[in-house]
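There are 2 protein chains.
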Amino acid sequence: MNEVQMAHGSGGQAMQQLISQLFLEAFANPWLAEQEDQARLDLATLAAGGDRLAFSTDSYVIDPLFFPGGDIGKLAVCGTANDIAVSGATPRYLSCGFILEEGLPMATLKTLVESMAATARSADIAIVTGDTKVVQRGAADKLFINTAGIGAIPTTVHWAASSLAPGDVLLVSGTLGDHGATILNLREGLGLDGELASDCAVLTPLIQPLRDIPGIKALRDATRGGVNAVVHEFAAACGYGIELNERDLPVKPAVRGVCELLGLDALNFANEGKLVIAVQREAAEQALAQLRAHPLGRDAAMIGEVVERKGVRLAGLYGVKRLLDLPHAEPLPRIC
Amino acid sequence: MNEVQMAHGSGGQAMQQLISQLFLEAFANPWLAEQEDQARLDLATLAAGGDRLAFSTDSYVIDPLFFPGGDIGKLAVCGTANDIAVSGATPRYLSCGFILEEGLPMATLKTLVESMAATARSADIAIVTGDTKVVQRGAADKLFINTAGIGAIPTTVHWAASSLAPGDVLLVSGTLGDHGATILNLREGLGLDGELASDCAVLTPLIQPLRDIPGIKALRDATRGGVNAVVHEFAAACGYGIELNERDLPVKPAVRGVCELLGLDALNFANEGKLVIAVQREAAEQALAQLRAHPLGRDAAMIGEVVERKGVRLAGLYGVKRLLDLPHAEPLPRIC
Chain U
1 MNEVQMAHGS GGQAMQQLIS QLFLEAFANP WLAEQEDQAR LDLATLAAGG
51 DRLAFSTDSY VIDPLFFPGG DIGKLAVCGT ANDIAVSGAT PRYLSCGFIL
101 EEGLPMATLK TLVESMAATA RSADIAIVTG DTKVVQRGAA DKLFINTAGI
151 GAIPTTVHWA ASSLAPGDVL LVSGTLGDHG ATILNLREGL GLDGELASDC
201 AVLTPLIQPL RDIPGIKALR DATRGGVNAV VHEFAAACGY GIELNERDLP
251 VKPAVRGVCE LLGLDALNFA NEGKLVIAVQ REAAEQALAQ LRAHPLGRDA
301 AMIGEVVERK GVRLAGLYGV KRLLDLPHAE PLPRIC
Chain G
1 MNEVQMAHGS GGQAMQQLIS QLFLEAFANP WLAEQEDQAR LDLATLAAGG
51 DRLAFSTDSY VIDPLFFPGG DIGKLAVCGT ANDIAVSGAT PRYLSCGFIL
101 EEGLPMATLK TLVESMAATA RSADIAIVTG DTKVVQRGAA DKLFINTAGI
151 GAIPTTVHWA ASSLAPGDVL LVSGTLGDHG ATILNLREGL GLDGELASDC
201 AVLTPLIQPL RDIPGIKALR DATRGGVNAV VHEFAAACGY GIELNERDLP
251 VKPAVRGVCE LLGLDALNFA NEGKLVIAVQ REAAEQALAQ LRAHPLGRDA
301 AMIGEVVERK GVRLAGLYGV KRLLDLPHAE PLPRIC
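Sequence order for the protein chains is U and G. Here the first sequence is numbered in the UniProt record's numbering, starting from 1 and rising by one per residue. Here the second sequence is numbered in the UniProt record's numbering, starting from 1 and rising by one per residue.
Just so you know, the hints here were simulated from the structure itself, not pulled from any lab data. What you are looking at is a predicted structure, and each value in this text was computed from that prediction instead of being measured. Incorrect hints may have been included.
Said to hold, decoys possible - Simulated restraints, written as ranges between beta carbons of each label pair: (1) U:R322 with G:G138: 30 to 40 Å; (2) G:G103 with U:A289: 28 to 38 Å; (3) U:T45 with G:K110: 35 to 45 Å; (4) U:H294 with G:D212: 44 to 54 Å; (5) U:A315 with G:E3: 36 to 46 Å.
Heads up, the beta-carbon is just placed ideally off N, CA and C, and yes, glycines get one too.
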């Protein structure tokens, strides 16, 4: 069978074969191998050192399925792992739900499943439970993936956007908008191939050392809506204002090129491997040094601060501050 | 806005409004209200009385969205809750991922979200974290829902299909195929409206008393692939054979009518509120009595037994045994 057929989602023999020949083999782990209706995870192991369980989910509908720097499978592991990791937890276990369009080449599915497996393995995450649905040709676009994940938050970590206060500063862990610009270039044929790649990555190794810095207030990974969306979420959660400095925003030349070409702002572009970090001013240098010590955080920068005056503002190159709105819609559908 | 627009999935203002005006209001609970990237669940509360975490996921793509006895929202809560409950765990927390087609009437989404919320509330389950994606018109069929869920398995419960042995008997908690026959009737216009309804229900109240019966070996809810699929899973997991008695299978007259009309077997029809239970013979009567004491288990019956001889067989009305194959594909796509 070279293509996904309706039978692969029917609960019959074809589905059993798909599960045993593809998923069990690629995701190989003892929990999945039990083939019960649920994974059964040892709570003592899971809870070691933690007192709260971080639980998060995302569906992935990105188009195209493959792009420089990643694919929908890698993204489906990174995205949910990062949503857990920004709580301070170490992401440990993922569930995985596939919605497949009838006729999807089996080779495409296999490549994506192997990409998920490789990404998870290298991040020490196990994909322990799953589900596969198949819908008729035309009822879905190729494939969609949902992942949900869990991990324990260390007892000592209490990061929360609501704790931000005037004087805290904002850091980003690297350049803005790489993922969004990469997808835009692919879709619009802007001809910047080779200069752009998605930043799609599991950020746990970058986040873990931050748990030991007492001044860290809150973390988010800046995905859909970009750094701008996170900054607005921070402002809403703490009730204060935020000011960013345009000249401090790290942006790669190729991404800046895409922005200038299309009149768009890298602050609104999606990232898939970038953190926004709120930290007390006196701990900022330590946090920056820690970030820069890891390849994923090489371009980390301080980009702004929390202020009394409500609203999100951007100070331009000549110091003039303007209100930074959260757009009604991001320019790019199906970016993740 | 009367329809779902691409902007509702973009990470911008429109998405924020959808979250705050629809999801936060319908699913109202303190974890979701925190609006962090992940729910943060107290591990001590979650683990009370348990030593393993049951973790499961399912995507729901059923067509049509509304049917007698339920809708895709109710189904998305029941299905995943049941996959957790059959481990012996009490399902406590769900995640929820929506994939919406641009143009979906907002009223439809609202009705389905409220149905999810009502189903979860009445089962004491909190929907604590979520995600919304929107794809262009034609890239998905109306809406798909993924839920993942967790709950702790009591220390005293160790149900596993691998533990079945010859002499154990099989029970079902009620009539076979109600859900499948209901959807088939709707799709094919068989004219049995009024006589058929899905059995879609959260089975926790039916399962919890079974935890105190020492002879229970394993539970599954018989969804896609019907009771036949579960029986084959049981046989494969334990390495023995299973024999069912045709005359003991509880089937409603209207479901039997659908089967005869179309030459199909209720054993292969999907259920959404029925358990298959493997139990030691000496505990079978106690288990049956316990099941029948609850409205969801009124029609519980003993339907077969585990035997030495490998293979799944069905003894017909005149005692002749024939091999019962697992079909390559179930006759009904998008049944759940």
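Results for each hint:
Hint check: R322 (chain U) to G138 (chain G), Cβ distance near 39 Å, so the stated range 30 to 40 Å holds. Taking the beta carbon of each, G103 (chain G) and A289 (chain U) are about 50 Å apart, not inside 28 to 38 Å as hinted. Between T45 (chain U) and K110 (chain G) the Cβ separation comes to about 41 Å, which falls inside the hinted range of 35 to 45 Å. Taking 44 to 54 Å as the suggested C-beta distance range, the pair H294 (chain U) and D212 (chain G) conforms, at roughly 52 Å.
For the hinted restraint 36 to 46 Å between A315 (chain U) and E3 (chain G), the CB-CB distance of approximately 39 Å keeps it satisfied.
Hint violations for this structure: number 2 only, all remaining hints satisfied.
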